[in-house]
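A.B. asks: Residue numbers (our numbering), protein chains in the order written: chain X, 1 to 423; chain A, 10001 to 11073.
Derived by calculation from the structure, the hints in this document are not laboratory data. The reader is advised that the hints may include incorrect statements.
[As the list claims (entries may be wrong)] Cross-link-like lysine-lysine pairs, in silico, DSS-like; alpha carbons within 27 Å at most: (1) Lys331/X to Lys10391/A; (2) Lys10895/A to Lys178/X; (3) Lys10917/A to Lys77/X; (4) Lys10917/A to Lys10895/A; (5) Lys366/X to Lys11041/A.
From a predicted model like this one, the values you see are computed outputs, not experimental measurements.
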Amino acid sequence: MKQKKSITRRSFVKGLGLAAGSILIVPRRVLGGTNHTPPSEELTRAVIGVGGMGRGHLGYPGARLLAVCDVDDNHLKQALDIAGEGVKGYHDFREVLARPDIDIVHIPTPPHWHGLISIAAAEAGKDIWCEKPMTRTIGEGKRVVEAVQRNGRIFRLNTWFRFQSGFYGFGTTVSPIKKLVDSGMLGWPLKVTVGETTGFTWKFHWSGKVNQKPEPVPKELDYDMWLGPAPFKPYFTHRTHATFRGYWDYDGGGLGDMGQHYLDPVQYFLGKDDTSPVEVEVDAPQQHPDAVSSWRQIRLRYADGCEIILDGEGKDANAPYIEGPEGKLYKGFKSDIPNLEKKLAAFPDPEPQVTDFHDAVRARRKFALNESNGHRSCTLVNLGKIAVRLGRNLRFDPVRQRFIDDEAANRLIDQPMRGPWHV
Amino acid sequence: MTRRAGATLGIIGLALCAAWTGMAADAESSVADLVGRMPAQSGAELDAACAELIALGAPAVRQVCDMLAAPGTGDDTNPRYLISGLAKYATQDDRDDERELLAGVLLDALDAAMDDEVKAFLVRQLQVAGGDESVTPLASLLSDEAFCDPATQALTAIGTRDATAALVAAYPGAVGACRAVLIKALGTLECDAELARIEQDTASEDAEVRDAARFALASIGAPSSQEYLAAAAEVEEPYARAKATSLYLLYARRLAENGDKRQAAGICRALLDARTEPGDVNVRCAALAGLVDADGRGALDDLVAAMDSPDKQFRGGALELAARIPGRGATRRWVKKLADASPEARQEIVAMLGDRGDRAALGALVDALGDEDQAVRLAAVNAVTRLGGSKAVPALLAYAGSTDDADELAAVKAALLRVPGEGAVTAVSKALDDTPAAGRVVLLEVLSARRAEAQVESVFAQTADADKAVRVAAIKAMGNVARASDVPRLVGLVLAAQSDAERAEAQKVAVSTAGQIAAVEERAGAALEALGNSDGAQRAALLEMLPGLGGAKALAVVIADTKSADKAVQDAAIRALADWPDAHAAPELLAIAKATEELTHHVLALRGYVRLAGVAKLEPQPTLWMYQHAMAAAKRVDEKKLALSGMANVRTAESLQVVAGYLGDAELKEEAASAAVRIACPQNDKDKGLTDPETLAALKRVVIATDSADVRAQAEAQIASVPVPEERNLAHGKAVKASVAQQGDHRPELAVDGNTSNDSAWYGASWPAWFMVDLGRAAALDSVHVFFYSDGERSYAYTVEVSADAEHWQPVADMAGNTAAAAPQGVLHLFAPVTARYVRVNIVKNSANEAVHLNEVKVYGPGEVQAAPVAAAPVAAAPAAATGPDGFVSLFNGKDLAGWEGDTSGYVAENGMIVCKPGGNLYTAKDYADFVLQFEFQLTPGANNGLGIRMPPNSHAAYEGMELQILDDTAEKYKDLQPYQYHGSIYGVVPAERGHLKPVGEWNSQEVIAKGRRITVKLNGVTIVDADIDKASTPATMDGKAHPGLKRTTGRIGFLGHGSVVSFRNIRIKELD
C-alpha cells in the first residue's frame, strides 16, 4: 500500500484542529458510554467518491460532513466548494478511514470500489452508507456481510423502496404489496414481472462503447487509483465518469444501475431476504467482453417456485406485476380480486422497519436495508449479470453461494483483484 | 424469431456449401463469414457459430486471433466478440475437447502477439476458459513485469494444484510489485508451501510485500505465524493499525477453522483486554466474534458479560452474535440477564429476544411489558408481538388497559395491527368495555383499520359513550365497519351529535356509507326522511350532506331551502348548492348570483357556477356561454378573473375574442392576456394553436396590453409562426443603406429580397453597425421581423428604431442585451402602430466574430385585420429575458429550463409553464439575497411542493435554507396539519394564514418579499405571512428543530417537489438593493 506519509495519531489531531477551525467535533463513539452526555450528539461523516452520485450525498442531512475524497481533482475541488467550511479534501480513501473523528463513511464510488472500501471502513470502525449496487461480485458481497457483522457496524444500502417512497407505478409504498403477498390472497408461488409494462425501465442507454481509441489520461484524474482492483485497460473518456456503468469491469449497465432499486423490494415482499434463486435463465444477445449492452429477458427462479422475470422488451402490455395461482396485482395497485383494499384490511400489517439511518447508528439497530438483505438483493443483480455475460442458463446453490457445475460462472463470483488490492 | 430461423438456414446452407466445394477451400471465407455474424443475437446463435468455427479447426480459430488489433489501430470488435464467445461456449459442460483446443490456440496467439493490450486480452480469455494446459505458458509470463499481474490473476482463477504450484515456483525469484502480487495469490489460494518465506517477507523493506505477506499468513492460518501478525497490529498509524488488526483477527478465525481453537481464543481474549479505547470498539466486537468461532457455546458468558459494558456499540456487537449460539439454554441465560442489566441493556436484550424466535422467552417478554422503564416496555410490545403472534393478544390488551401514554398506546395499536387472525379482532372487540377511555380509542382505531364489519354493533355502542374522544373514534370507525343498512342510524348520529367535531365526522361517515347504495337516487333517502321533520341547525347539518349524496329529490330540497327564512338554513342550502356535484344546480346558482343582495351568497353561488362550467363537460359553445353569464353576473374582480381563467380552457376563436375584449380593463388585462395565449398558443407538440387572422389580431393586442414577458413571448411566437404573404412586406425590394462595408458579394439589398436564408444575407465588415430601409413613403407600421445568420450558437445584440425623417428616431425594439441564439424563424417585434418611413436595425454585437450578418428585415403595417386600437400601450415590446419597465426580470423563458439547475428531468417546461411532473428540487442557477418574487401556481388535489429561498444547491431547503410551503392544505389528508405547515408558511418557523388558496385547479398568484430578516408572503393579494425570522426563531422555532438556514442571507430560489404535480408560470423577480 502506498501512503504518501505516515500520520501519527498526535500529529493527526493537530492537523484536524487546523482544518476544522477552533471547533473539534467529538464523535459519540469516541466518548462512548451510556451515561455520558457528549457535548455534541452530532454524528460525523465523510463522502468517498464525489462525482455524479457522490455530489448528491454531500447534501444528505442528519450528520455533519467533515471530509470528502476523490481520485479526480476536479471532482474534489467542486465538492469542497459545495461542502463549504470545515470540510477537508482527500485523494486516498485510506487517509479518510484513518481519521478517528469520523463516524460514518458514504461510498458513492463506482461499484468496483464498493466492496473494498466497505470492508476497509468496517475494519476501521466506521458505519457505512453505500451506494447501489452493493458490490460488483457475489464474493465481495459475502465479505462485506462478514466484515460489517463481525465488526459490529451499521450498514445501509442507498436504495429505499422497501421502506419508503412511492414504489414506481404503484401509487403506494411497497408496504401494502408486502401485506398482500403475506396475506396469501394471491396464492403461492408467485411470479413477479419487472419491466416496462409493469412500470420499470431497464435503462439500456447505460451501454458501453467498443473499439475506442486510447486517449491521454486527463491530468486531474488518477486513473490507476480510479481502476483500483479492476484490470488495467487503456483509458478513454467514456470508460470512466458518468458512463462507467456501460463496462463490465465496473458495473453492469441498467441492471447494475436500477436492479437493486427494482429487485430489493421484490425480495422483501417475497420473503427471500436470507436466500437466493436456484436457477437463472437468460435470453440476450451476445455481450461484448468489455462493454455492456442490452438483454431481452432474465428469469430468476427460487427453490419454492417463485419467479422474478426481468423483462427487457416490455412486449406484454397486459402483464400483471405479480401473478399467483389465486390472483394478480397490476400497476397502480389494481387487482383482479374484487374489493382488494377492504379485504386486505383484515390481514396483519408487515413488521416495522428501522427507516432512519442515523437513528439506526445511534440505537445500534439493523437498518431496514442492511448488509445482509442488501447482499441478497445485490446477488439477484449479480446472478443476472453473470448469466447475461456468459449468455447461458445457470444453477445456483443459495447456501454455498456458488454455481452448480459451471466453473466459468464460478470464476465470476470471486474475481481476483489487480495489484495490491484484496478483500 | 425470424433472425433465429435465418441463422438456422444459414448454418444449413453453410454446411451444404462446405460439403459441395470441400472444406479446406472455403475455410477462409467461412471464418470471415463467422466473424461477420458477430455479435450473435442469442445464445443459440452463438453456440452455432462457435461450433462451426471449432469444426473448421485450430487454424481457423487462430485466424480469428490474428485479427486482434492494438486499440486505435483497426476495428477488431467482431473478432473480440467471437473469441470471448468461444471462451463462453467452450466452458459449458462436456466441451472439454473444444476448451483445450481453444486454450491451445489462445496460448499460441499469446506467444505471437506483439501488443500489450492484445496480450492482456488473451490472458483474460484464459482466465475464463483456461485449465491445467494453460498453466506453464501463463507461468512463463510471471517473470514479465507487465504481465505478472494479469497472469497471476488468471492462474488464481484457474486455481488448480498445478496453477498453485506454478505460483509457488515463481515466488522466490520474484521482486517488487510482482512479489507482492504472488504472495497475495498464495494467500487467496490458502497455500502454505512457502510459509517460512512469507513469514520472512513480513519484514520486507517493500510495504506492499509486507502487507501482502500479512494477508497471506492470515488467510493461511498456520500456528507459527502469530508473532508476525501480532506485532503489526500494534503500529501507531490508525489505518495501518486497523488493517493489521483485522488481519490478525482473520488469522485467529482461520486458526479456529483449522482446529487451533485455543490459540485463536487466546488472540481474541488478548485483544478484548488490550483494546479498551472507545475507538477500538469494532476490534472488541470482532474479537468476540472470534471467540464464538473458537469457543462456540463457551463464548456465551462473554456475550452476556458484554451487556454490562457502558459502550452501546459493544453491546450491539455482542447481541449481533447471540443468534450464533442457538438453543433454549442460551435463551434462558439471556432471560436471566434481564434481572441485573441496565435499562438500556434490558431494552436491547428484549429486542434481541423478539428477533431470536425462541418462544421460551415469551413469558419474560410479557413480564417486560411491566418494566419500570418505558423504553423497555416499548421494546417489549414489539418483541412480544413478533414472538407470540396471536398468543400475544391478551397481554397486549391488558397493556392497553393499563396505560394512557400516547406513545405506548400507539405502539400497542401498531402491534395489534400486525397480529394475524380473526380471533385477534374478536378479542379486541370484547375488550372494549373493560378498557379505559384512552385505550378504548386505540382499540376502536384497530377495529376500524381492520375493517371489522362483524364488530359493527360493539363499535356503534361506543358512539354513545360518555367520553367524547371515544365517541369521535367510534363514529370514525363506523366509516370502515358500517354497511348500507346502517345509513339511517348514521344520519341519526348526525342529529344526535354533541359537538361540531362529532357532527362533521358523522356527516362524513353517513355520506361515505351511503355510497355503498348502488342506486344514486336512493342514497339521500335516509337524510331526506330526517329532513322531513327537522329545522334550524339540525336541518342545516342535514343539508350539508346532500351534495355528497346527490339525486334529483335532494337537489329539489336544497333549492327550496335556498329561499328559507331561517338564515342558517338558507346559508347551508346555498353552500350545498354551490358544492353540488353536477350541472343540474347551475341555473339556480346563476339565478342566486344575480338576484341576491348578500355578497357572501353571491360569491358562493358564482364560484359554484364557474366550477360547474368547468366540470360539466359541455360542448365549447355552451361552456363559453356559462362563463360569459358568470362574467356578466360577477360583482367583484376576483370572480371575473375566475371566469376568465375558465374561458382559457375553451380553446375556440370565439372564446379568444371574448377574452380579448377584457384586455382594455386594467384590472383584468393580465388574466385576459394569459387566458388568450392559453387559448391561442400550442399546448403540446401536436397542437398548432389558432392561426386565423382574427386570432392574430387579438394576439397583437395581447402583446401590447400585457406586462408579462412570458405571455408576450408566447403571443409573439404564435404570430410569427404564421407566414405573412410577401406582398405585405413593406420593406421588400426597397432602398437600403448600411454603415459599414460589405463583405464579398453580400450586398445590403440581400437583406430585403424576401429570402430569409443564411445564403442570401447582407454581411457587414464590423460591428457596431446599422442597416436602414427606406420604405419610400410614410406608412403605419406595427411590426418588424428581423432574421440574423443562424448556426444554433451565435447571438446578435441589436435595437430597432423607426423614423419619419431619418433624423429623429423612435425605438420600437430593444435587444441590446440579447444572448439568445439567432434562429432561422427570426424574431418578430410588435409595437403599437406608429407612422414612419425609415426602419433601422442597429447591431451592437455578434457573439461569433467581428462581422455582422443580416439575413432579412421585414416590415409590416397593421393591415385590414387590425382590431380596435388598445389604449395605453407601451411603445416597444421588450424581449423575454430583459428587465421589464417595472424592474422585474423573468426567471423562466417559457420554453425550457435554461437558468435552472437541480432535478431538471423532474420538471418540464411546457405551454409557458414549469410543471413538476413530479420531480425533486429545481432551483435557479443564480443566488438571490433580497428580492420581490412573483409567480403563479396551479395545484392538483392534495399537491405538495415548496418554494425554497436562500437555499444552498443540493440541500434540504426547509432546514438549510427556508422553505415556503406550497400545499393544497384543503385536502382531507392534510386536515391535521400544524399551522406552520399551512400553505405559505415558512416551514417549521412561521405559520401562514390559511384559507386564501383558490379552489384546486385554478391559478393562484403569490408574491414573496425577502428583505433582510423580514419575509412577507402575499397569496392572491392577501398577506398571509409577514414576519421577522430572527424574532420568529427566538428562543426556538415552532417545530423545535434547528433551522440553520434562517441565518443565510442569500441563496438559490427553488421549487421543492414532494411527489405531486404542480405547475408554475409567470415567474418574475426584482432584486432589492
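A.B. asks: All hints, please: hold or fail.
C.D. replies: Verification of the supplied hints:
1. Lys331/X to Lys10391/A: At roughly 36 Å apart (the allowed maximum being 27 Å), Lys10391/A and Lys331/X break the hint.
2. Lys10895/A to Lys178/X: violated (43 Å)
3. Lys10917/A to Lys77/X: violated (33 Å)
4. Lys10917/A to Lys10895/A: Within the cut-off at roughly 16 Å; holds.
5. Lys366/X to Lys11041/A: holds (26 Å)
In terms of the numbered hints stated before, the structure departs from hints 1, 2 and 3, listed from lowest to highest.
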